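**Q** Listed below, chain by chain, are the residues.
There are 6 protein chains.
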Amino acid sequence: MNILAIGPHPDDIEIGCGGALIKYAQTGHAVSLMVLTDGSYGADPSIRRAEQEEAAKYIGAKGLYWGGYRDTELGCSRELIVKIDAVIEQAKPDVVFLNFWADVHQDHRAAAQAAVSATRYIKEVLFYEVPSTQHFEPDIFVDIQDVLERKLHLLRLHASQVDKTRVENLNILESAQSCANYRGFQGRVKFAEGFKSVRMLREIR
Amino acid sequence: MNILAIGPHPDDIEIGCGGALIKYAQTGHAVSLMVLTDGSYGADPSIRRAEQEEAAKYIGAKGLYWGGYRDTELGCSRELIVKIDAVIEQAKPDVVFLNFWADVHQDHRAAAQAAVSATRYIKEVLFYEVPSTQHFEPDIFVDIQDVLERKLHLLRLHASQVDKTRVENLNILESAQSCANYRGFQGRVKFAEGFKSVRMLREIR
Amino acid sequence: MNILAIGPHPDDIEIGCGGALIKYAQTGHAVSLMVLTDGSYGADPSIRRAEQEEAAKYIGAKGLYWGGYRDTELGCSRELIVKIDAVIEQAKPDVVFLNFWADVHQDHRAAAQAAVSATRYIKEVLFYEVPSTQHFEPDIFVDIQDVLERKLHLLRLHASQVDKTRVENLNILESAQSCANYRGFQGRVKFAEGFKSVRMLREIR
Amino acid sequence: MNILAIGPHPDDIEIGCGGALIKYAQTGHAVSLMVLTDGSYGADPSIRRAEQEEAAKYIGAKGLYWGGYRDTELGCSRELIVKIDAVIEQAKPDVVFLNFWADVHQDHRAAAQAAVSATRYIKEVLFYEVPSTQHFEPDIFVDIQDVLERKLHLLRLHASQVDKTRVENLNILESAQSCANYRGFQGRVKFAEGFKSVRMLREIR
Amino acid sequence: MNILAIGPHPDDIEIGCGGALIKYAQTGHAVSLMVLTDGSYGADPSIRRAEQEEAAKYIGAKGLYWGGYRDTELGCSRELIVKIDAVIEQAKPDVVFLNFWADVHQDHRAAAQAAVSATRYIKEVLFYEVPSTQHFEPDIFVDIQDVLERKLHLLRLHASQVDKTRVENLNILESAQSCANYRGFQGRVKFAEGFKSVRMLREIR
Amino acid sequence: MNILAIGPHPDDIEIGCGGALIKYAQTGHAVSLMVLTDGSYGADPSIRRAEQEEAAKYIGAKGLYWGGYRDTELGCSRELIVKIDAVIEQAKPDVVFLNFWADVHQDHRAAAQAAVSATRYIKEVLFYEVPSTQHFEPDIFVDIQDVLERKLHLLRLHASQVDKTRVENLNILESAQSCANYRGFQGRVKFAEGFKSVRMLREIR
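Residue numbers (the numbering used here), protein chains in the order written: chain H, 38 to 242; chain Y, 38 to 242; chain V, 38 to 242; chain G, 38 to 242; chain B, 38 to 242; chain P, 38 to 242.
It is possible that some hints are incorrect.
Computed, partial: chain B to chain H, Cβ under 10 Å [claimed, not checked]:
1. Y78
2. G112
3. R115
4. I118
5. Q150
Bear in mind the hints are in silico, worked out from the structure with no lab data behind them. Keep in mind the model is a prediction, meaning the values are calculated, not measured. Cβ coordinates follow ideal geometry from the N, Cα and C atoms, glycine included.
The following block holds chain H by itself, in its conformation from the complex:
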């Protein structure tokens, strides 16, 4: 299968579905990433680009596409939808992961809306969560216990972002592990990533 994950900034994809992507790649599926902005608000864009490339490599992704927008300047425009359309045309995904539409960050809201439009004929489209997501009630889970260490390593590759939670003493690694444990219980496993379906056409095999 072809898997495409779309994220507004470098590191959003890894936080939201990095564990699932590692498992898809391990199993032999073709994973691609599309990052819409340069993340320049969080650090120098060249650093963030390099971190994202490292992360893509670590996941084992076949492709890394950039939307080319500047951080904090994303809008749900026709242009953005067309750019995602073009990546979909190329990556031919069977499954698309995208961030959830309710979010305190404006780029995230725009990214989610545009990606929901661009994926309108894809048969499996799943929302993931990041720390700024609001009102998220996942009901689909992926067990990431066996790749948790790899997921945490993945987040460490975004070294410029690890301590940028703006909550005292809290870093992203700790936050990601707690989230995985919290969602894990909801999926009845120890560590999980949680997802919400835009639509999922389920195979019976």
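Since the structure of chain H is provided, determine the placement of chains Y, V, G, B and P on it from the hints.
**A** For chains Y, V, G, B and P alone, coordinates are given in the frame of chain H:
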């Protein structure tokens, strides 16, 4: 895998997930049914029992369990939950299908609540819809185009119920086909059954 | 009464509330349509314009207003709201129909938001559904059994769009009939269109 | 038309839809009331019965049915549904009003659930609100400006209840007028009652 | 504490949380206001500016910031978020009040979204309601009985707006009092303002 | 102030709001607990009673009330509501904590409904979450960083329950810490408990 479908009355399971069950059985999975009441409000209970047995056979179900309650008298009692627990103990389901909790029929509300409690440690639990369901927004779909005729045949086996829609000129077969077509488009196929997840632990293979 | 239906593209109005509009016109009410874009993404805009004019005539509409936007380029701008305001000023609607705000198509989201703003002092405003609508739970229904054939004819007038569902073997006529039957049962009739109220001031007569 | 309003206690109907009922009766429709409990928790049941009879007379109701339950002891039982069924059989309502299901009072929750079940084939069923209702977002309104004084008089007939708000200095008359004004603006009139549809089959005339 | 209230137009803040602000100022907290547009659609902007300045003075606000946008032209842009960020930087609020995101007015929707983004690290952020708000279910209340007269006086200071409800015979003062009484009962007091939390970090003292 | 926490089983209160209760008691408020069932399904009831008494003592609670029901047999009956009423009469709470109504455990659903009814005139009532809670979106948070160790100790006092998560390798202590960290970020602190308001009358001081 072991699949268990739970329904408040004879024919609810077939309407809600008959197509998916036929596909599971065809693929070699072990399908079991649990019907909570005797359906005596709709017809003579011996007729409905016989119809349900025929339907189970046609699906290719390995087991058919009866809750033993009288139609319209279901409550979400400890006793009912314990009965479902016992069937789960025996059928060891990997996947459970149950009717949705918002419904104009009191038996359906009670069945859904009890089944949600009884399945609390099952890793995949999915709500299905029937005509009395309210507020249902499925986001998981199973393509039933190739088994639609078999699903309609299945509904015909509940011969005492086919014309009991209480809407003039409308029968259950027509209604089921329209629903499959309506949900089909949402799942981006021609005919589908729609589901909503209580929780689904998704395998990556 | 004066009835105004607003749609993002040619054919959206007919799909969503064509049956109700035919009944309003038959009963002697003055029906007007406002179509916001030229539908150029779906076919040559001159073809779509001609189809829309035919459809308006078939409904028996007194007026057909165009928003003048290009397909896929609608935004919920002040300009769009002002344009709808101007049509409201002219058509003086007692009832307005508009598409629902949750939708995978960006034009539809923008159209719904702008129309909700423009209709803020109208006493009856109802959302309709189209195939790209999401999360729609209608609770107001119009029986369209006696005009179903006319509604299907209406959709056929948008000949360039009939097979554009992007789902294999599915065309819009079949989809519309299934939807009418599915919503019909919810309204306790055989075929219905389903609506959700923004606000409805109900007359007691 | 035949109109039936169902309420858990004496005075709930009048608070929730007294204005609409007065207008229905004035216009020549046949209004019936069904009160499920004796209201004995609020005052002596014989007083509350007499007050309710006065209120029914003032509305101009053709029938007043009693459920016969004791205050605070209502459950959503088969027995209750059967009792409402029997009244529906007799009153043959075209429109049913019932209290909303989300409510801090247990009798109200049970009444709403039972009435939703009993009215499952009625083509127009509307929820009304009372002070203990929660999460109510009406989107259908009835203008009661011309009968507001009569509605307040109606509430005064339930004299044993007027000061029972348990909020200091607040009585039911003041509360009802504020609610009517608050809902009024939502319906774009000065005073309104607000409703939410279980289902409404709308006539086009 | 430092309190910041953000409103799309002159008078929105006073309608939504004027009572709470008066109480905060009375108690010795530092209240600031930020008004995003000039309100020029409702009256001459110089009049509205003067009214807003009077209102801020009457509240006892320490600061009044202007967003500088023209009425009806607000969009949830990066620029707007940055402007609010700058005010937050200066006012250092512990608590922020902002209008709710579901609203029939486009400026209100944009203001709410931008303010949710700008306040993402503030520990107490509360939505207030105005007459154009939709789907608002407050669950946090402030008792304004002792300042109701002052709140009504505050609204009268926006003299150009008092009769602009576009509902016959209804003025803003009456509407505000009814709303306070309606929300009051929900908070179990006579008059209240109702709020909904974006997030509230509650002190235990 | 007087604080009352209500829980369906021994340990639910400690999981849901143990940290907040410790802080209330530390600050000098009078904390009471009401536990509705004996927890006999999880272990010998005498053990669970002893554990609960230890926990109450550790919190510094002034009172511990028992509902006297058997585990798994709770229903939202008049009797249960009356029992909670009696405790409220005695404890005179200013703030009540109760478990959320959406829950896979039938006792929890019944407890929440009964407690919502019993607390209908209390001015601050907050829902807490436990691992079986569903659809919980807290928007009020209490910082528990400084009492996290004490909260974990509190959970250890329910020694019979620590490993009863039925998820492999997961214990309640780990789960509680992850939840506190997950909710912490939502409240913009390191560790928090999350709550949802039934109603909160907020003091301005």
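**Q** None of the hints should be skipped; say for each whether it holds.
**A** Do the hints match the structure? See the list:
Evaluation of the Y78/B hint against chain H yields a violated restraint, the C-beta minimum of about 24 Å exceeding 10 Å. Satisfaction of the interface hint for G112/B is found here, the shortest Cβ-Cβ separation to chain H being roughly 9 Å, below the 10 Å cut-off. Checking R115/B against chain H: minimum C-beta separation of about 5 Å stays under 10 Å; hint holds. For I118/B, the interface hint holds, since its Cβ comes within 10 Å of a Cβ in chain H; the closest pair sits about 6 Å apart.
For Q150/B, the interface hint holds, since its Cβ comes within 10 Å of a Cβ in chain H; the closest pair sits about 7 Å apart.
Of the hints listed earlier, the one the structure fails to meet is number 1.
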